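*Asks:* Below, each chain spelled out in residue letters.
There are 2 protein chains.
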Amino acid sequence: MPTTAIRSTEMPSSPIRRLVDFAIAAEKRGTKIYYLNIGQPDVHSPNEFWTAVANPGVKVLEYSHSLGIAGLRDAMSADYKKRGIPVEPSELMVTTGGSEAVVLTFLTCFDPGDEVIVVEPYYANYTGFANIAGIKLVPLTTKIEEDFALPTTEAIVAKLTPKTKGILLCNPSNPTGTVYSTAQLKEIAEVVKQKNLFLIVDEVYRDFYYGTSELTSVMQIPGIEQNAIMIDSASKKFSLCGARVGFLVSKNKDVLGGALKFGQARLAAPTLDQIGVQACLEKTPATYFEEVRAEYMARRDILVKSLAKVPGVVVPNIEGAFYAIVRLPIDNSDKFCQWLLEEFSHEGQSVLLAPASGFYMTKGLGANEVRIAYVLEQDKLKAAVDVLAVALQQYPGKV
Amino acid sequence: MPTTAIRSTEMPSSPIRRLVDFAIAAEKRGTKIYYLNIGQPDVHSPNEFWTAVANPGVKVLEYSHSLGIAGLRDAMSADYKKRGIPVEPSELMVTTGGSEAVVLTFLTCFDPGDEVIVVEPYYANYTGFANIAGIKLVPLTTKIEEDFALPTTEAIVAKLTPKTKGILLCNPSNPTGTVYSTAQLKEIAEVVKQKNLFLIVDEVYRDFYYGTSELTSVMQIPGIEQNAIMIDSASKKFSLCGARVGFLVSKNKDVLGGALKFGQARLAAPTLDQIGVQACLEKTPATYFEEVRAEYMARRDILVKSLAKVPGVVVPNIEGAFYAIVRLPIDNSDKFCQWLLEEFSHEGQSVLLAPASGFYMTKGLGANEVRIAYVLEQDKLKAAVDVLAVALQQYPGKV
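Chains P and A, in that order, give the protein sequences.
The number in the working numbering is simply the position in the first sequence, starting from 1, with 21 added.
The number in the working numbering is simply the position in the second sequence, starting from 1, with 21 added.
FYI, nobody ran anything at the bench for these hints, they're computed from the structure.
It is possible that part of the hints are untrue.
For identical chains, the list gives no copy identity; a pair is met inside one copy or between any two copies.
Listed below are the simulated DSSO-like cross-link pairs for lysine-lysine, each with C-alpha atoms no more than 27 Å apart in a straight line [to be verified]: (1) K304 x K80; (2) K157 x K184; (3) K419 x K356; (4) K401 x K80; (5) K80 x K403.
Please read these numbers as outputs of a predicted model, since none were measured by experiment.
If we strip away everything but chain P, and leave its shape as in the complex, we get (with noise of 0.2 Å):
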């Protein structure tokens, strides 16, 4: 029998789905759970998009352009403009998600064994992108003290090796809900520009931002427009994670081009997903943003407030994304959510919470903190803090 490959036995497996059978056991016991693990939205993806991939005026599903749908493109475009960020139809490329848009800029960008620094805690499937494209992922880490803030430019300076090639960040960020303000953003420019890195930042949580002053991308960022990559997709924005669509965008035309070429190879993202996603940008009225947007905030009211009255819980400042790291009064959290779905139940219910152990690349680091994901309705919400709180209290290995 022929062996495997050792960056597939080297790949991690999702540590989430190991909770997520316990999770399975637990309901068939007849315990309830709340899932606060996933960053599935619930709610409903645009009218718009069911009524143009119902009626999308073709017989035969052709392949699209490699570079995108050219109405996707000029929507997406205007959408970015609408928000004053400069972007042409010529400086994006449609993705398949959000994924593939960071697996090409890898591809593109970097070589095997080139370091990218990335801030850690992070979007736990850039582990996995840097193993399929080989490069090596260097933690640059915030803390839940500092509200997960930017280190200052010499901690980022000091992590620089003469095989860096790049920084990546998460714009407002996955796992944290930390929004970067403009000052920290221009900081970081400054560094890249010098060093002639490439700056790859994730924004698919633009459209969920809580903050009063503007959200900046660093297609915005003067000075930087040969180094900045954006990051972007439709599944958060619409609620659309099934449809696979994302967009890679940048000014380097090295970038774009190299990235075709991939994608070439790939043949298209989905045309039928990009003739709906198109008409939602087309289409949707700024209500359904209003509300959604609403909707999480108030949601991220309740969790921080609730959170807040549990004894020993650190809640950091959170200002976009669906997401919060916190630490928790215990021993470890993979022990502690694990036993959350095995051990414990409260009237009948429990939750399953994401070890923030996964979203850091430096070993022990997150061993009492969890990723919730505030993506129930706000009394599921409640209930579920309410069960967490009864939780911690129970906990043998609290501290």
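Starting from the known structure of chain P, arrange chain A on it as the hints suggest.
*Replies:* Relative to chain P, chain A alone:
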């Protein structure tokens, strides 16, 4: 300005794309172009697909499971079993097109630097997938004079090095239309078993078989259950190229487990397209395939008959898919294909062909061959060959 990766610079861009630009320019000059270069069938996608995606029964388009939706996996397994191909639902993973199935196979089975023997001429995008995975493709040449039959076992064994980990072929073949006999497949299976290699067979053209005996799948060859990997797709089967739904099939648990880990990082294949393809598998009447097959068989017959009348043209035996590699009495097919678009027209018409050099890895091969995709209606196809015949008389580089 930061520079992109070496692998990006070295990634070949599509040679056809350049020609398409010439074709567009010719059309602007008023020339009618017959497009014989692409594998986009003109057959319309099944009504069952359009009905299913218009009535998906959900309001939120969620991520599907990383392995694909259960109903689709069941339906595909049932389709295989009906054809005598023993595949359980647990032995297949839904991928984002056949393209992703090849990439995931490469990532899972091979490490950077590993060698995979590929039967040439071969589907040009395999080069791109190999570049993504950092593996080396080693060509095993087949010849038009031998109807592109597989070489002898000795010739295959002569290509093996300590780094060889697999063999890749396409059956029925894009770009040659060759169908490998059961005896040929068993010979190659013997090598694979003895040398402990993976055998990857791309079978996306299974439904386009015009022979009389049974078409044999790699999954039907006894004794190589742990070596065999089948690539499949809904693209050609249901004329759903734009749906991006493919399949990676293997009984080797390490292969499917590894592919799943890479697949979890990219989350899932498009949900709505999966729902549509499931409906196609469950409900499309047998007459759909019979009509499609009869139509393509008629096209093949017209192509072969028309080309046979053109002096100096060599047409091999073509038993499947909808492509042919044919030899023309010319000096250089790259030059000829460009000349067709830039300098030639006959009664205001010309043709776009794919130079065969792009389907060979061995330098110099295919220089007097082109790939013809017979994806046009019968009368158009006939007209296109007539135009080609006139062009061959006028071409200054004829031999």
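*Asks:* Any of the earlier hints contradicted here, and which numbers?
*Replies:* Failing hints: none at all.
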